[in-house]
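K.L.:
Just need the whole structure built from these sequences, with the hints factored in.
2 protein chains.
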Amino acid sequence: MTTLAVSYADIEAAHHRIQPYAYYTPVMTSTTANARRETSLFMKCEHLQRIGAFKFRGAFNALAQLSAAQRAAGVIAFSSGNHAQAVALAARVLGMPATIVMPNDAPMIKVEATRGYGAEIVQYDRYTQDREQIGRELASQRGAALIPPYDHPHVIAGQGTAAKELIDTVGPLDMLVVPLGGGGLLAGSAIAAHALSPKCRVIGVEPEAGNDGQQSLQRGEIVHIATPVTLADGAQTQHLGNLTFPIIRSHVDLVVTVSDADLVETMSFLAGRMKQLVEPTGCLALAAVLSGKIDVRGLRVGVILSGGNVDLLRFAELVLKNPPIHAPNLL
Amino acid sequence: MTTLAVSYADIEAAHHRIQPYAYYTPVMTSTTANARRETSLFMKCEHLQRIGAFKFRGAFNALAQLSAAQRAAGVIAFSSGNHAQAVALAARVLGMPATIVMPNDAPMIKVEATRGYGAEIVQYDRYTQDREQIGRELASQRGAALIPPYDHPHVIAGQGTAAKELIDTVGPLDMLVVPLGGGGLLAGSAIAAHALSPKCRVIGVEPEAGNDGQQSLQRGEIVHIATPVTLADGAQTQHLGNLTFPIIRSHVDLVVTVSDADLVETMSFLAGRMKQLVEPTGCLALAAVLSGKIDVRGLRVGVILSGGNVDLLRFAELVLKNPPIHAPNLL
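Chains as they are written, first to last, in the numbering used here: chain B, 776 to 1106; chain V, 776 to 1106.
What the hints contain is simulated information worked out from the structure, not anything from laboratory work.
Treat the hints with caution; some may be incorrect.
Note that the list lumps identical chains together, so a pair holds whenever it fits in one copy or between two copies.
Unchecked claim - Calculated cross-link-like contacts (lysine to aspartate or glutamate; reagent style DMTMM-like; alpha-carbon spacing at most 25 Å):
id, residue 1, residue 2
1, Lys974, Glu787
2, Lys1096, Glu887
3, Lys1068, Glu912
4, Lys1068, Asp905
5, Lys1068, Asp1035
6, Lys1096, Asp1086
7, Lys1068, Glu813
8, Lys1096, Glu1040
9, Lys1096, Asp900
10, Lys1068, Asp1008
P.N.:
Below, the structure is given as structure tokens:
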């Protein structure tokens, strides 16, 4: 049996490291959702985390463990999403330079947000240039640390602190449902859940269009797929990581999938009933519960709402194209 | 000097009465808003209250004080808004019948929500019938209590519990900014604020299109206006109440107004940056701060976000028609 990259002790250490800098996010409940699924849901609000997503936890935990010399040399990340903002803000908090490699067609709002946290942006052409190569070259030229979005033990341990906080807040769970992209959040969550609530079943949820995680668990090896076309832009990963896969294989009971339609319906539910704006990727776990993909009857179920960074105009368009079902607003 | 209808002791009593049934709503902060206005804002999230608005507090406080005989006879309210849902839910919690008089062209979602809480709906034609008369006739036929939306001491005392919780949570304030319609929330908030934080300035905010409160303070008497045309449908009142006006005159320092454009910009800010869906009326107070209508520099400022019941399609349309200014998402 191989040793996993992350232990619960690492998550506890990460918790103490990030606690003064990250938000201890609230847990929400919904009478309507509970009644509809005959369950008790406890939703961890990581869309209210700094930068609007759980990614700040892992990025900060990784950067905080760099040596003084490494901090002075700065950090590099390639991402056009929440990881970019997470690394940029964590670097600013720690007083170190950050460089983010982003495609030159990345949404202006994300470029500006990342620049707003003080990071230098290096743009590349995603059709002719390789971002990993650009990132590695920059890192080697500058002696800077390259922080990957999920396949890093400190990142995984940091992401696990959200589930730790959730169970510390609400007590033991029968089930924990977590969005799945590259597996950093799911791997960290599963270790935390099994340490604090040993009988808790842990379930990952990925978009129907990109079920590489489900396939990987079935085949017993990391399955690579083409970039999936899905609204869940934070879960458009092509494969699990070399560190996240073994943890998921050991600690996760099941991976299920949801459709883009399920995601939009869940976004509308969260906005209309719970007054919360959650991005499509952030809706994955709740969508699996509300759509009936998982049997939650009579259980105490933790659900991670992982992020809220959806462009408001995009959100409005999605809602208008997919009007929510009108039903009583039982907050 | 006349005695006011509500004292702080009434608000404390209301707090103990409603505390097991109402949510103790969270207080949110925003780095972006604080930086933009050089202030410290503490936003009381009444859009996360039961029924999605502060109105549950006042309705429950009023119904809970009815005698057993009155409870058996039931309660009547006329409203097509949050007060209807508040009375319906409070009655259900207390196990008493509720009848709500609503126009037959009220939005289906509000009718269904109110019916979902178990209330009987009596519809009327708003062009040919008088809702107050219908309400009074029903009340007298059934011996039922008629609960008005704001001009009632128990309603005012109940609404004051939100400001009490806010100051109990965050400590003394330099200023408290509150939406103003009929004045129930503002009157209750002002009494609570001055009891707990004597130097706190209390400011009411109403829509530009219907500044009857501002005019009433200037003239020293209740000014009646035509029903104002504004997005803030919860503040389309024509005049302050006989009980709320004297309290506001004694305890409120200033009433300012904001435009519908200010409200939409604030809705977009709350959704885009803070991931919170707040209805136009619920945005009044924050809109006055963000638009610079009030000088908040260097102050500790309480802001009540009073409700979140905006139809999601309507919200989406408003956002699409008034695209938010894209700027870094500094949660």
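K.L.:
Compare the structure with each hint and give your call.
P.N.:
Here is what the structure says about each hint:
1. With identical chains, the CA atoms of Lys974 and Glu787 are at most 25 Å apart within one copy only, with a shortest distance of 20 Å there and 44 Å across copies.
2. For the identical chains of this complex, Lys1096 and Glu887 are inter-copy neighbours only, at 23 Å across copies versus 28 Å inside a copy, given an alpha-carbon limit of 25 Å.
3. Taking the closest pair of Cα atoms, Lys1068 and Glu912 never come within 25 Å of each other, the shortest separation being 44 Å inside a single copy and 51 Å across copies.
4. In the homo-oligomer, the alpha carbons of Lys1068 and Asp905 never lie at most 25 Å apart, since the shortest distance is 37 Å inside one protomer and 50 Å across protomers.
5. With identical chains, the CA atoms of Lys1068 and Asp1035 are at most 25 Å apart within one copy only, with a shortest distance of 14 Å there and 42 Å across copies.
6. Proximity of Lys1096 to Asp1086 under the C-alpha cut-off of 25 Å is found in both arrangements, the shortest distances being 15 Å within a copy and 15 Å between copies.
7. Taking identical chains as interchangeable, the C-alpha atoms of Lys1068 and Glu813 lie at most 25 Å apart only when both belong to the same chain, with a minimum of 14 Å there against 47 Å between chains.
8. For the homomeric pair Lys1096 and Glu1040, the shortest alpha-carbon distances inside one copy (11 Å) and between copies (23 Å) are both at most 25 Å.
9. For the homomeric pair Lys1096 and Asp900, neither the shortest alpha-carbon distance inside one copy (32 Å) nor that between copies (33 Å) is at most 25 Å.
10. Proximity of Lys1068 and Asp1008 under a CA criterion of 25 Å is satisfied intra-copy only: 21 Å inside one chain copy versus 39 Å between copies.
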